[in-house]
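**Q** So the chains spell out like this:
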Amino acid sequence: MKILTFAAILSARITTFILRLIGRGGTSLPGRIALLFQKDLLGILSQKYKVIAVTGTNGKTTTSRIIGSLLFEAGLDFFENKSGANLLPGIAASFAMDCSLLGKPGHRYAIIECDEAAFRTAAPKMQPAIVVITNLFRDQLDRYGEISHMLTKIKEGLLSCPDSTVVFNSDDSLSYSISSSIKNSIITFGINESPYGSDDDFISDAPYCIRCKGPYNYVYRTYGHLGDFYCSSCGYRRTPPDISATDIEMNFERSTFTLHLYNETLKVSPSLPGAYNIYNVLAAVAAVSSFINDQTVLSVGISTFESGFGRMERVIINDFSLTMVLVKNPAGLNQVINFLSYDDSMKILVMILNDRFADGTDISWIWDANFEKLFSFSDRFSQIYLSGMRAEELKLRFKYAGYEPNMLHVEKDYKHLMEKIELDNKENLPVFVLPTYTAMFDFRKVIASKFRLKEFWK
Amino acid sequence: MDKMQICHLYPDLLNLYGDRGNIISMTKRLNWRGIQTEVFEISVGEHFDPEKYDIVFIGGGQDFEQEILLPDLLGEKTANLKYAVESNVTFLAICGGYQLLGNYYKTWNGHQLDFTGAIDIHTIGSTERMIGNFMFEAELNHRTIEIAGFENHSGMTFLGSKVQPLGKIRKGSGNNGKDGTAGARYKNVFCSYSHGPLLPKNPILCDFILQTALNEKFGNYELKTLDDEAENQALTAMLRRLR
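Residue numbers (my numbering), protein chains in the order written: chain A, 240 to 697; chain B, 10 to 252.
Take the hints with a grain of salt, since some may be wrong.
Label-pair ranges, simulated between beta-carbon atoms [as the list claims (entries may be wrong)]: (1) B/54 <-> A/643: 38 to 48 Å; (2) A/492 <-> B/113: 31 to 41 Å; (3) A/402 <-> B/85: 49 to 59 Å; (4) A/435 <-> B/251: 40 to 50 Å.
Listed below are several chain B residues computed to face chain A (Cβ distance under 7 Å; list not exhaustive) [what the hints assert, rightly or not]: (5) 33; (6) 113; (7) 134; (8) 136; (9) 140; (10) 174; (11) 209; (12) 212; (13) 239.
If you are wondering where the hints come from, they were derived from the structure by calculation, not from laboratory data. Ideal Cβ placement from N, Cα and C applies to all residues, glycine included.
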């Protein structure tokens, strides 16, 4: 058997090497080839690591990266799987790349971002020490199916890992509902107040109780269906979280809040805007809370964190900044629109909509996102560019939100798009690019080759 | 100023991916022509007045949400919906909403759920999902037009003798993947499996539905022409891909 494991590791490395040589950052092929040699490669390699698995709909990448930042400050050695390598073959390949050819682990900890649909099969193999479930929202129904099926799958994954400590978002009535069906030890996180004003309209993915189908009431809401929920019919309700945030102040650059960690409090100020990133910080702190509780480590780890690949990732191009914010579902896009509404200064907006498998082939979700709100502060955009395989559909969504079609520039070729932006941006306004998943990869490649940025697989 | 009353039935439950787009499309295209609109959201426990609305929209939902609304729908609302259909109220029903207007849904393992029976159709569950971008041809105002959308359903719907298909399938599965029909028409009821935003990029269909409702309310109503360049670009892009 050992020879097969060796062959699997070797094949993953050779494939990765060749892919890089031909300039492709492939994340799935090396793993698929390695698994042909050793079907249980993931199980064999991961058992020598202390695995922290992060799954859920939104915030997986950012939460994983914050956990990395905290481990780094605590002086613990770890590796992370690369963004995008979050299905079983990609995860297996990530372990194969980290350990030696004989399967000796390169690090003690593994922070593994895991696609929520892949969790059921990947989790039992990894037997993670800690599992973080960030939240559940409706996302790409063509790929993931109904939310209730998603819940069942995640529950099945957890039932096969009875020794894992599970971190739940207590404000999310959907994912938190799993907590009563498992016997694992549990840590919860949540926000103890409403971070936005009450004038926000809430589009809820879960207005009715997941247990008894009665309508939920809320003491307050944070966004979407998240908040201090309770069902008066069956008594299902949020429980006060172990790790929480209060006294929240947010601006365009960062949020500041009091972090409550069991009986201790700590003022933190991550340079990550938006309420959804407060959840990501809380989830990360909860994940490490059993072995990192030094206040300085937490404080420094949180404040020095820089956002990951395409998630509020900022690059300087010539004399202006370009910020990339991945969008993939209505809940996430509404959060980005909220974030953009904080800032009064002029900017350029670019949105790129693709409909490949990884983006979701069904793009009708754009009609659920609050473009009407975006339109309400549209005087702050000097230009709006639309791109991607479904740019025309995006233009239509903008038109029906109130925009004059002639205000919208459609440019599908990314090179031309960047040239136009550079040409038009005489005042060096900040540029915000909102791409879907595969659009982010393609667009990033164009600016990387043009401005010599680091490629993502390096 | 002329005004149209639109009912969005179960908006908090039947709102699967983008269904709101159809309401946005109808209201905007009426407003752009100087016609006022008022949208009434009617959900569980709320009375549906069959004489109040000019257009009724029902979207699609997940199984979980459909289980929540079924007891409510099969009460007083069923009789009122039937009455509205028979009194020529204009309806647009998508996916789950389409199925709910029919007689019943039989799951693939033989379990039958009775629905409203407002139109003579029934649905049989299958284990295979019919999913993806699709197109069909419909005869509207004696013109054949091409309509593009996205379908995602496992139910196979079959039409009774009084119900006409909305169109003929050209690419994709349509009602059941077998008989080549797409959607349904009965009196002023329009049904489709084109889930989410059917109307925004199919402006001819949207206007035909609006025209139907306006004629019903005001007699022969003249609908002003709109600039549909953006709509047609989106439609053409998808049709080109599917052809």
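**Q** Confirm or reject each hint.
**A** The hints, checked one at a time:
Checked against the given bound of 38 to 48 Å, the beta carbons of residue 54 of chain B and residue 643 of chain A, roughly 41 Å apart, stay inside it. Judged by the Cβ atoms, the range 31 to 41 Å given for residue 492 of chain A and residue 113 of chain B is violated: they are separated by roughly 57 Å. Distance hint check for residue 402 of chain A and residue 85 of chain B: the Cβ-Cβ separation is about 53 Å, which falls inside the suggested range of 49 to 59 Å. Checked against the hint of 40 to 50 Å, the pair residue 435 of chain A and residue 251 of chain B passes, with Cβ atoms roughly 41 Å apart.
The restraint placing residue 33 of chain B at the interface with chain A holds, with a minimum CB-CB distance near 5 Å, inside the 7 Å limit. At a threshold of 7 Å, the smallest CB-CB gap from residue 113 of chain B to chain A is about 21 Å, leaving the interface hint violated. Hint on residue 134 of chain B is violated. Least Cβ distance to chain A is approximately 14 Å, over the 7 Å limit. Taking 7 Å as the C-beta contact cut-off toward chain A, the hint placing residue 136 of chain B at the interface is violated, the least distance being around 13 Å.
Because the beta carbon of residue 140 of chain B sits about 6 Å from the nearest beta carbon in chain A, less than 7 Å, this interface hint is met. A hinted interface residue such as residue 174 of chain B counts as satisfied when its beta carbon comes closer than 7 Å to some beta carbon of chain A; here the least separation is about 23 Å, so the hint is violated. Nearest Cβ of chain A to the Cβ of residue 209 of chain B: about 5 Å, under the 7 Å cut. The hint holds. A distance limit of 7 Å between C-beta atoms decides the matter here; for residue 212 of chain B the minimum to chain A is near 10 Å, and the interface restraint is violated.
With its C-beta approaching chain A no nearer than about 5 Å, residue 239 of chain B sits inside the 7 Å limit, and its interface hint holds.
Consistency with the previously given hints fails for numbers 2, 6, 7, 8, 10, 12, ordered from lowest to highest.
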